[in-house]
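Undergrad: Single-letter residue listing:
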Amino acid sequence: MNIAVRLKSVTKSFNGVKVLDNIDLEVCRNDYLLLLGPNGAGKTTLLKIIMNVLKPDKGTVEVYCKRISCVFQEPRLLPWKTALDNVALPLIARGMSKGKARKIAGEWLHKVGLQGYENYYPRQLSSGQQQRVAIARAFAIEPDLLLLDEPTSNLDPENKRYVMKLIKKLLNEFKTTVIHVTHDPLEALNLATRIAYISYDHKLQVYDRSEAGKVLRSCGLTGVSYMKAIDQLEAHRFITASESPPLIIKNIHEGKS
Amino acid sequence: MKTSTIHQKALAKHGFLFLNFIGFLVLLALWQILSITLGEFLVPSPSTTITTLARLATKGVLLQELSMTLVHLASGAFIGFILGFTMGLIAGFQREVDHIFNPFKWIGLTAPVPVIAVIAMLWFGIGDFTVVFLTALVTAPLVYVSIKEGVISIDLELMEMAKVYKFTPWMMLRHIYIPAMIANIVASLTHALEFGIRATVFGEFMCGKSGVGYALFAAWYRLSSSEVFAWALTCIFLACSIEVIIVKPLKSWSLKWRVQQ
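First to last, the sequence lines map onto chains A and B.
Just so you know, our numbering puts 96 at position 96 of the first sequence, and the rest follows in order with no gaps.
Just so you know, our numbering puts 101 at position 101 of the second sequence, and the rest follows in order with no gaps.
Simulated from the structure, these hints should not be mistaken for lab results.
What you are looking at is a predicted structure, and each value in this text was computed from that prediction instead of being measured.
This list has only true hints and no planted wrong ones.
Label pairs and their computed distance ranges (CB to CB):
| no. | chain 1 | residue 1 | chain 2 | residue 2 | range |
| --- | --- | --- | --- | --- | --- |
| 1 | A | G16 | B | F104 | 28 to 38 Å |
| 2 | A | E62 | B | I100 | 34 to 44 Å |
| 3 | A | T193 | B | P249 | 52 to 62 Å |
| 4 | B | P249 | A | N172 | 47 to 57 Å |
Think of the CB as a built atom: it goes at the ideal place given N, C-alpha and C, for glycine as much as any other residue.
Input sequences plus hints: build the corresponding full structure.
TA: Given below as structure tokens:
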């Protein structure tokens, strides 16, 4: 098995408060791991440990990827650099000449539909456009590990759909290992090869795609949202229709969704 | 509508200039009245002061002392800036170091300039080095505080992003630290110059062997009141020139840059 990321007994606390408790996780190459869980469960902390921004208190982290990129919740663009330079800088950091980096950056901006915006500064772009620049920056280095940290959480529904569609389109063209953190399981269920769930007690459970129904129940999805998720899963043959529990159906009838 | 607003602004600007000119004339008139009332020895008239200034300029003394003051200021402010900048960077990144530097900062910010001048004289005697030392010591804490605040205010999320994308230390400095701190760098530079010129002239007066401050002291010692006024006028002119030529444009550039971002 070709492992991309391996975490062994990772524990992390902030000011004595445990955020991750004895986490074990293996992500294989070209896996699309959907990392779900409620707010404050430790999803982003786990991602920060993988991207080496945070060190765990205990446990080991093995990342067998050289080119790691991340699309954060906020675009995190340098406000004093143009869209083109923001995409080009990570390439320059990897030793590419400025001219070549800018050329590649231009091509990626084109791919995310921002041709003509190369010389715009982040403040001149909408939040959706800024996030598209961040996506171009993430893909431009041709990552062997792509981390998505709730990339659509700060966007309006229309931009949310557009950005996820764009990520899916780019991932169809460019296969890579993805760890996607979100608290909205509907966002990328159809892409996920495996689903991990961090609960309120900061424990991680990894499910196979055939067990997605269990994950949805763990997420507390009820009513219409649950049915939408089930439809999505069925459409992609993730689970069988028999997995939908009657209790949830009852909620729909009672209008509790 | 837009044209009339611009016109009104231009009128207002000219109006202010005119009022400034009136204020200047009032000052000159008061000076002349005081001179007539108290006599030429205590308050030399504006014309006598200008004549003395012209004489000093013709003899080359004015330019010589002015250039010495500028050398003292530039060296002292430069050393103070480098010292404060380095310490501010270290303290900004290592908060423990900030606590170690705190006593130095308090002394530097609160000690009256004459106290520092007397101690500097005790250590290094009278001369150029003492003046430069005094200027550096007065400016360094101001730069330190401004730079430290700048480092603290750098967006941690941008630094995380740079770490993920493997920015080199040079790229971090060039593309994140310096642009993020530009307003603080400009503020510290302007502080260094604004307070530096006062410290330099005072240092020259107390413990210098050259410069405008020293010339002022020498004129006072010889009881040459017209020269005292001429050198005092030079000091004011110098401080105003630095404010108008360097400090104000730098401040407005930094403000404009910040607004654009």
